[in-house]
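*Asks:* Sequences and hints are given; from them, build the entire structure.
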Amino acid sequence: MNNKKNRKFTFNTQIVLLLIVTALWVFLSISSSYFLTYENIANIMRQMAIQGILAVGEVVVIITAGIDLSVGSVVALVNIIMSKMVVSGTPIWISILSVLALSTGIGLVNGVVIYDMRVPAFIATLGMMTIARGATLLISNGSNVFGLPRSLATFASGSFLGIPNLFWFLLLTVVAIEFMLRNTTFGKYIYALGSNPEAARLSGVNLRLVTYGVYALAGFLWGLGGVLETSRLWMGVPTTGTGYELDAIAAAVLGGASLFGAEGNAIGAFFGALVMITIYNGAVLLNINPFWQRILVGIIVIVTVAIDQIRKRRET
Amino acid sequence: MDKYAVQLVNISKSFPGVQALKDVTFTLKEGEVKALVGENGAGKSTLIKILTGAYVPDKGEIYVFGKKVERMTPIISENLGISAVYQNLVLAPHLTVAENIVLGSEPRKMRIFVNKSKMLEKARKVLAEVGYENIIDPNEKLGNLPVAQQGIVAIARALSRKAKVVIFDEPTAVLAKRETEELFRIIKDLKERGVSVIYISHRLEEIFEICDTVYVSKDGKFVGEMPVSETDEDKLISMMVGRKLRKEIYAKRNIGNVVLEVENIKNKKLKGCSFFMREGEIVGLYGLVGSGRTELARAIFGADPIEEGKIQMEGKPVHVKSPSHAIKASLALVPEDRRRHGLALKLSVRDNINLPIYKHISRLSVINHFMERSIANDFVKKLRIKTPSISTIVMHLSGGNQQKVVIAKWLASKSKIFIMDEPTNGIDVGAKEEIYHLMNELASEGAAILFISSYMPELMGICDRILVMRDGKIVGDVPREEMTEEKLLTLAIKEKNGEVSVNE
Chain A
1 MNNKKNRKFT
11 FNTQIVLLLI
21 VTALWVFLSI
31 SSSYFLTYEN
41 IANIMRQMAI
51 QGILAVGEVV
61 VIITAGIDLS
71 VGSVVALVNI
81 IMSKMVVSGT
91 PIWISILSVL
101 ALSTGIGLVN
111 GVVIYDMRVP
121 AFIATLGMMT
131 IARGATLLIS
141 NGSNVFGLPR
151 SLATFASGSF
161 LGIPNLFWFL
171 LLTVVAIEFM
181 LRNTTFGKYI
191 YALGSNPEAA
201 RLSGVNLRLV
211 TYGVYALAGF
221 LWGLGGVLET
231 SRLWMGVPTT
241 GTGYELDAIA
251 AAVLGGASLF
261 GAEGNAIGAF
271 FGALVMITIY
281 NGAVLLNINP
291 FWQRILVGII
301 VIVTVAIDQI
311 RKRRET
Chain B
1001 MDKYAVQLVN
1011 ISKSFPGVQA
1021 LKDVTFTLKE
1031 GEVKALVGEN
1041 GAGKSTLIKI
1051 LTGAYVPDKG
1061 EIYVFGKKVE
1071 RMTPIISENL
1081 GISAVYQNLV
1091 LAPHLTVAEN
1101 IVLGSEPRKM
1111 RIFVNKSKML
1121 EKARKVLAEV
1131 GYENIIDPNE
1141 KLGNLPVAQQ
1151 GIVAIARALS
1161 RKAKVVIFDE
1171 PTAVLAKRET
1181 EELFRIIKDL
1191 KERGVSVIYI
1201 SHRLEEIFEI
1211 CDTVYVSKDG
1221 KFVGEMPVSE
1231 TDEDKLISMM
1241 VGRKLRKEIY
1251 AKRNIGNVVL
1261 EVENIKNKKL
1271 KGCSFFMREG
1281 EIVGLYGLVG
1291 SGRTELARAI
1301 FGADPIEEGK
1311 IQMEGKPVHV
1321 KSPSHAIKAS
1331 LALVPEDRRR
1341 HGLALKLSVR
1351 DNINLPIYKH
1361 ISRLSVINHF
1371 MERSIANDFV
1381 KKLRIKTPSI
1391 STIVMHLSGG
1401 NQQKVVIAKW
1411 LASKSKIFIM
1421 DEPTNGIDVG
1431 AKEEIYHLMN
1441 ELASEGAAIL
1451 FISSYMPELM
1461 GICDRILVMR
1471 DGKIVGDVPR
1481 EEMTEEKLLT
1491 LAIKEKNGEV
1501 SVNE
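Sequence lines, in order, name chains A and B. Counted the way this note's numbering counts, the first sequence spans residues 1 to 316. Counted the way this note's numbering counts, the second sequence spans residues 1001 to 1504.
Think of the hints as simulated: they come from the structure by calculation, not from any bench. Just so you know, these numbers come straight off a predicted model, no measurement behind them. Each residue gets a CB set at the ideal place from its N, CA and C atoms; glycine is no exception.
Across the chosen pairs, the derived CB separations fall in these ranges:
1) A:Arg294 to B:Asn1079: 48 to 56 angstroms
2) B:Asn1368 to A:Leu209: 16 to 24 angstroms
3) B:Ala1054 to A:Trp292: 45 to 53 angstroms
4) B:Thr1392 to A:Leu286: 44 to 52 angstroms
5) B:Ser1398 to A:Ile139: 54 to 62 angstroms
For lysine-lysine, the following DSSO-like pairs were computed, each having C-alpha atoms within a straight-line distance of at most 30 angstroms:
6) B:Lys1382 to B:Lys1432
7) A:Lys312 to B:Lys1386
8) B:Lys1141 to B:Lys1125
9) B:Lys1164 to B:Lys1029
10) B:Lys1266 to B:Lys1487
11) B:Lys1416 to B:Lys1432
12) A:Lys312 to B:Lys1346
13) B:Lys1177 to B:Lys1235
14) A:Lys312 to B:Lys1381
Far from chain B by the CB rule (all over 12 angstroms, computed), these chain A residues:
15) Ala23
16) Asn289
17) Ile295
*Replies:* What follows is the structure, encoded as structure tokens:
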């Protein structure tokens, strides 16, 4: 067909995103002398770690043409339960393993409700979002949990090889998930499920296991996010994580994930999260009214996806 | 001289890979009931869709009541009094019967509100016209009615439009006996009121009961037209058939042992199917649309449940509970609708070809990319798939090449029994021949192929035997020496006892 015409228009999502990040970074380094300092960059990394992990989890779900809205409340539930356990004297590593098992279990329940009960993912995880938030408030009685050991806070503010500890977790997650998506059978099945579930089923793919696996994996990552959040906050806050699901979805979509499925990857989600954090960070440095940050992020999400859609329409 | 209600003059229409209509002229007089018959693919539906404005013809003129219509659209068509009742009902199951009947022409109150009482009154009146006023409640949700009664609602809806031309496209396919009789009464009534009717049906005996004239088309071309009193079923059948493929594609092969034996399988759509297939054999499966061919293919492949019956492979009984069981048993399905069921369109050629075998080319679930690529490259070369590279997204390939990707997928998984449902549908002539060659090659290497097609010449060209289905049953098994189009079509259409066939 008219391939030549399309070649000229090579703005894919990642390139658009890279341009936005570069523009933002250039602009911010010029307008604020503090922006390119080690402290500030380490700060960005710390802020980005949790959001990035959640975005990577969300992208895996979105590739299957699904969605998970339970992100923020599972983070809060993990935060509260872990804080309570640690404060009551349970060894930290046992607490961590327990909450990770719990959050993975919650994800598995999402998968069962979505696959076996045929509840649309949006509704199933919306329900789970409310349930987890309710449970968090119930367990904490609505108040913060204090008295966590100092070591947790030190871990969050510490660094390894000059890179903040929290950020290592994000890097690890991105590499592991990207590897999984590209190189494993599970990864291929995730894309196949998102592109055409019936064709995947007729090719012998066990859609039940893939659905369970995807939501359980997402749940595990929400748990990891919750553990890191606990370390960063150094207390249990029952209202934490509010709106995280939207940030995660926005970052995933910015990174090229399509809500229609079969498109997206972990590296894209990483850069999506980077754009958002850069805006938040820059707004603080430039003394912009924080309420503007959200408006800006909203505009960028819509514009990026709109450009992407136009590009696709030209292709076909 | 009689006045014409509809004149379609020299209409041509083509779709990618097919010429659906070629220079067809079709006329309908006022008050005439005309049957439109022809095999699958004869162009009947295309003709109707051009009249109702769903398709725009490439060439030709449309006159309605003597006036030329420059550009037909569904709205203009409806305003001119043309109304259609389709086989697969186009109604909204979540709305009530009354809402469905008036949909698009609701009686209004103050312009924007629906006048409920008038709407009900109107619905009751139309239902009374068709004799269902005490049987169908206009307040009932349409989806709660039996399918046959939904058919009556569709008819009522068409009548409520004060239609002057009513088209029935295979209406009896969903109707039960009582509704069918009611439909015939309605059609006779319409005729008396001077309404013209176009009646499409595979059930020829119905045509002799209610139509004045019959119009036969074949391969998108006009074949003949005559009053029903001057013809009979056998004559019609011989007019509907009689084509030749340009090339003889049959190759003599060595036929081995029985590899698949299906005994009396039944489910919602299948009413008892038995047949067998042998190594190296290409078995055709012919039947009209709705006869259950696709359902049979899906049931054997484990895509739809089987309620009764047995399947044996190489003499051993197998339980095919899901497609993955079928694949393990070396079955392969090339589905009818490759875009909906055969391919993950947004994924690459490489991913699609390897999808069923990723388990086998991975270790600890990590894929061996070297094997993945070499397998994909091999089949792209072997099947001459025209693609810029193996990482091209399948969506961007042509229909014929997409079909080859589906076949490559099953070759890669070393299947032995292939079920190919309309594999040459919508692909161009050159690609079709390549697919035939491929089938011959596969069978020569010992594979058994079940070749489902609506196009008799291709079946007769390549198959060792042809099974014929009608109403969910296999009604014939015709060996190569006895194949004639008349014989196949007679099996596919005619009831033995000549009764109107009904779906209870």
